[in-house]
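Protein chains: 2
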Amino acid sequence: MKHKIGLLGFGTVGQGLCEILLNKKEFLKKKYGFKFDIVAVADFKFGNVYNAKGLDIEKMIKEAKAGKKFTQDLADWDNLKLIKKSNTTVWCELTYTDLNTGGPAIDHVKTALKSGKHVVTSNKGPAALFYPQMKKLADKNGVKFKIEGTVVAGTPVINLAEGPLAGCTISKIRGILNGTTNYMLTEMEKGMAYDEVLKVAQEKGYAEADPTGDVEGYDARGKVTILANIVMGAGIKITDVPCNGITKIKPADIEKAKKQNKRWKLIGSVEMIDGKVEASVKPEMIDLSHPLAGVMGATNALTFTTDLLGDVTIVGPGAGKIETGFSILTDLLSISREMEN
Amino acid sequence: MKHKIGLLGFGTVGQGLCEILLNKKEFLKKKYGFKFDIVAVADFKFGNVYNAKGLDIEKMIKEAKAGKKFTQDLADWDNLKLIKKSNTTVWCELTYTDLNTGGPAIDHVKTALKSGKHVVTSNKGPAALFYPQMKKLADKNGVKFKIEGTVVAGTPVINLAEGPLAGCTISKIRGILNGTTNYMLTEMEKGMAYDEVLKVAQEKGYAEADPTGDVEGYDARGKVTILANIVMGAGIKITDVPCNGITKIKPADIEKAKKQNKRWKLIGSVEMIDGKVEASVKPEMIDLSHPLAGVMGATNALTFTTDLLGDVTIVGPGAGKIETGFSILTDLLSISREMEN
Chain G
83 MKHKIGLLGF
93 GTVGQGLCEI
103 LLNKKEFLKK
113 KYGFKFDIVA
123 VADFKFGNVY
133 NAKGLDIEKM
143 IKEAKAGKKF
153 TQDLADWDNL
163 KLIKKSNTTV
173 WCELTYTDLN
183 TGGPAIDHVK
193 TALKSGKHVV
203 TSNKGPAALF
213 YPQMKKLADK
223 NGVKFKIEGT
233 VVAGTPVINL
243 AEGPLAGCTI
253 SKIRGILNGT
263 TNYMLTEMEK
273 GMAYDEVLKV
283 AQEKGYAEAD
293 PTGDVEGYDA
303 RGKVTILANI
313 VMGAGIKITD
323 VPCNGITKIK
333 PADIEKAKKQ
343 NKRWKLIGSV
353 EMIDGKVEAS
363 VKPEMIDLSH
373 PLAGVMGATN
383 ALTFTTDLLG
393 DVTIVGPGAG
403 KIETGFSILT
413 DLLSISREME
423 N
Chain C
83 MKHKIGLLGF
93 GTVGQGLCEI
103 LLNKKEFLKK
113 KYGFKFDIVA
123 VADFKFGNVY
133 NAKGLDIEKM
143 IKEAKAGKKF
153 TQDLADWDNL
163 KLIKKSNTTV
173 WCELTYTDLN
183 TGGPAIDHVK
193 TALKSGKHVV
203 TSNKGPAALF
213 YPQMKKLADK
223 NGVKFKIEGT
233 VVAGTPVINL
243 AEGPLAGCTI
253 SKIRGILNGT
263 TNYMLTEMEK
273 GMAYDEVLKV
283 AQEKGYAEAD
293 PTGDVEGYDA
303 RGKVTILANI
313 VMGAGIKITD
323 VPCNGITKIK
333 PADIEKAKKQ
343 NKRWKLIGSV
353 EMIDGKVEAS
363 VKPEMIDLSH
373 PLAGVMGATN
383 ALTFTTDLLG
393 DVTIVGPGAG
403 KIETGFSILT
413 DLLSISREME
423 N
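Residue numbers (our numbering), protein chains in the order written: chain G, 83 to 423; chain C, 83 to 423.
For reference, chain G alone in the conformation it holds in the complex (with noise of 0.2 angstroms):
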């Protein structure tokens, strides 16, 4: 079958999962037999667009990196219209995260699955706030709800927990779930204050204008409520983990976690405690000789405790326009693959 991509946004991980598209159009055909044409996109900057014999990418890419609105099979359709109506059978869900309230991705996820479309995002908004609730809608209605682009990009975490680890069972996950802090915590060790460091880590685009959502350790919190309900089956809120950034570290911390052959991260964790899952985001103090001691800079890392294979930990990166895109990927490949048997 021929997949009807719709993508709900068209920022860096729309235009990224585009140029991999387009890029791998051929290969992803003759290895893996998976066929698409990419059909509708909605994007409030650039406007709503539908052809159900698949859009000019190309274009809306040069388009889009121009500053412009879309010039070519406008539709007069609004989100959850194109959603409903289109002959689309996937939709990418690729808008901004919204922590508080999930919206308004929740609405175009809800939709989508309603109509027996797949779904599939790197939106941590649905994912960490609703996600039982929209893997039920899924399951009822015979379609996927994948979400490996909401932790760590497209390094696999929960395709690992769910393919391959399958058949073990996972007591403990902690990670180091967020590059823009263990970047900072990397210069901080070379000698630099936390206020310079957020400087160079807003000048290189690391952290936003607003870095609260990084160094209060919002973002990771997201995640591990992620992984605390999907791969841990928890059903906890989000505002249930207790969570500290890294904005408190003074460079005494940081000489003092030498002196003892330690090195600080902040660390995500899921655990299964007397059949409960406690979660927690924190700065610890880790021994240098730990795996994830080693994973400076903006790179990401996740270890998995289970009963089969004892530790097993993956690293990768953990942000990124392609390697969001192909968090993306990935999840389409999985669903044609589960499609196709």
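Be careful, since some hints might not be right.
Just so you know, same-sequence chains aren't split out, so a pair can sit in one copy or run between any two.
Said to hold, decoys possible - Derived DSS-like pairs: lysine-lysine, alpha-carbon spacing no greater than 27 angstroms straight-line:
no.: 1; residue 1: 358; residue 2: 113
no.: 2; residue 1: 167; residue 2: 107
no.: 3; residue 1: 217; residue 2: 112
no.: 4; residue 1: 286; residue 2: 144
no.: 5; residue 1: 403; residue 2: 254
no.: 6; residue 1: 113; residue 2: 226
no.: 7; residue 1: 117; residue 2: 166
no.: 8; residue 1: 358; residue 2: 106
no.: 9; residue 1: 84; residue 2: 111
no.: 10; residue 1: 113; residue 2: 217
no.: 11; residue 1: 107; residue 2: 358
no.: 12; residue 1: 358; residue 2: 217
no.: 13; residue 1: 127; residue 2: 150
no.: 14; residue 1: 192; residue 2: 113
no.: 15; residue 1: 364; residue 2: 281
no.: 16; residue 1: 106; residue 2: 218
no.: 17; residue 1: 254; residue 2: 111
no.: 18; residue 1: 358; residue 2: 111
no.: 19; residue 1: 113; residue 2: 196
no.: 20; residue 1: 319; residue 2: 112
no.: 21; residue 1: 218; residue 2: 167
no.: 22; residue 1: 111; residue 2: 218
no.: 23; residue 1: 107; residue 2: 217
no.: 24; residue 1: 344; residue 2: 272
Derived by calculation from the structure, the hints in this document are not laboratory data.
Fit chain C to the known structure of chain G by using the hints.
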């Protein structure tokens, strides 16, 4: 459907797998819909047994642990007849590895695939010597030939590359593929000489009485060949791979590395260079900041260099009864998933 499992070999891995399957029977059924009977076992020491409705595995484990032959459901069939005539749907090939001829495992694998039965194996022989032929035979007969356990036990490598990393082009794989030599190098850094460390490794059961396969790099070479052929589609022979072990590393070499902030690791490497796959096994001095440098003791690790994610590293156990037993389970679950969809 209910999987009817046959085991070739009832040694460490076979017993490990059976322990997992017995302990997790209800969990596997409930979580993955995976139902099974173990109906046939062929072991040159304990005997060949067959019961179309399922064997008493607990009893067999007890007998094997006591070094006694099986006493129930004895079958007057040799291995090949058992493979062909039994009601098995999948065979787990867990006999000893012969990296020169692949026998007798290769005959088991061929017979099973030709009989339309899936094969799952942790035996490096058939995988390193005959993967392309066996894959073709499996495809022709509409069954699977799965080999996760041939490279670093159940730590996901092949299933990671073929599953969650699908869509990426992998241009390079570098890894620590042999736990024995990695343990020995770790200990040598602490000041022991090669001969002394080897003795300790043998006492601990990490190295065999004849340690050649490990210390000369042959074991790693088998795994490198498998990765080259399966993950990178190379079609190379095991004898094509240049191979140097750790036997020539002297205390002075260890000191030299330390002075350069480096560390010796036995690195298996597969790389696409100008459209050709080059593979090798050799000791290398690795920067202490490199993700593979922190992998100590008997742990294994692999870094995949990909076009879309950059470097992705997986770290986990490379051997062990339960860890390798799990590699068989993960492939059984994967077959089950593919059949059910």
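message: For residue 358 and residue 106, with the copy left unspecified, which applies at a CA distance of at most 27 angstroms: within, between, both, or neither?
response: Answer is between; shortest inter-copy Cα gap is 21 angstroms, intra-copy 44 angstroms.
query: Given identical chains, is residue 127 near residue 150, meaning Cα to Cα at most 27 angstroms, within a copy, between copies, both, or neither?
result: Answer is within; shortest intra-copy Cα gap is 9 angstroms, inter-copy 75 angstroms.
message: Regarding residue 167 and residue 107, is the shortest C-alpha distance of 27 angstroms or less found within a copy, between copies, in both, or in neither?
response: Classified as within: same-chain Cα gap 26 angstroms, cross-chain 45 angstroms, threshold 27 angstroms.
task: Up to 27 angstroms between alpha-carbons, please classify residue 358 paired with residue 111: within, between, both or neither.
output: between (44 angstroms within a copy, 23 angstroms between copies)
- prompt: Are the CA atoms of residue 319 and residue 112 at most 27 angstroms apart within a copy, between copies, both, or neither?
  reply: between (42 angstroms within a copy, 26 angstroms between copies)
query: Should residue 217 paired with residue 112 be assigned to within, between, both, or neither, using CA atoms and 27 angstroms as the limit?
result: For residue 217 and residue 112, only the inter-copy Cα distance (18 angstroms) is at most 27 angstroms; the intra-copy one is 31 angstroms.
- prompt: Is the C-alpha distance from residue 107 to residue 358 at most 27 angstroms within one copy, between copies, in both cases, or in neither?
  reply: Answer is between; shortest inter-copy Cα gap is 23 angstroms, intra-copy 45 angstroms.
- request: Using 27 angstroms as the alpha carbon limit, work out where residue 117 and residue 166 are close: within a copy, between copies, both or neither.
  value: within (22 angstroms within a copy, 39 angstroms between copies)
field: Homomeric proximity label, residue 358 with residue 217: Cα distance no greater than 27 angstroms
entry: So residue 358 and residue 217 pass the 27 angstroms test inside one copy only (21 angstroms; across, 44 angstroms).
Residue 192 and residue 113: within-copy, between-copy, both or neither at 27 angstroms Cα: Between copies, since 25 angstroms is at most 27 angstroms while 32 angstroms is not.
message: Please sort residue 84 with residue 111 into within, between, both or neither, judging by C-alpha distance up to 27 angstroms.
response: Within one copy only: 10 angstroms inside, 33 angstroms across.
- prompt: Can you tell me if residue 113 and residue 226 fall within 27 angstroms by alpha carbon in one copy, between copies, both or neither?
  reply: both (22 angstroms within a copy, 17 angstroms between copies)
In summary, this structure violates none of the numbered hints.
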